[in-house]
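*Asks:* Sequence:
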Amino acid sequence: MVQNPNGSKYVTIVSEEGFRFIIPKQAAVLSNTLKDMLSEDIGMLESESGVVNLMHSAPVVEKLCHYLLFRHHHITTPDGQSAGKGSAHNFDDQIPIELALQLLECADFLDI
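Going letter by letter, the sequence shown gives residues 1 to 112 in this note's numbering.
Honestly, the hints are just simulated from the structure, not real lab data.
Label pairs and their computed distance ranges (CB to CB):
#, residue 1, residue 2, range
1, Glu40, Glu98, 33 to 39 Å
2, Asp41, His74, 27 to 33 Å
3, Glu40, Ala100, 32 to 38 Å
4, Asp93, Leu45, 34 to 40 Å
5, Asn32, His74, 16 to 22 Å
6, Val14, Ile42, 15 to 21 Å
7, His74, Lys9, 20 to 26 Å
8, Glu98, Tyr10, 28 to 34 Å
9, Asn32, Asp92, 19 to 25 Å
10, Val51, Ile97, 26 to 32 Å
Being a predicted model, the structure only gives us computed values, none of them experimental. All residues carry an ideal CB built from backbone N, CA and C; glycine is no exception.
With these hints in hand, go ahead and build the complete structure from the sequences.
*Replies:* If you want it as structure tokens, here you go:
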């Protein structure tokens, strides 16, 4: 796993075309599937390497990463708990209509 001098951990998410997106692990584990893949208790390869390969296109993986970062920033409280759906921020307006179905499939797979 990539670790900067401050001790923050990052995860690399790779699209089917090979594009790499690096996001904080705290944002990635908002997905239950990614959380399980990155869990050291389960012992999957992704937990050792910090790299998750997804069979989705780069635009879909990019928007997925944007959503995870958005959710981490706007919906998660400082103590790491979810603030619920009462947030004034809305991510739906940022989803291109042409990616909607693919994003829905990806979100279903990643359990977010």
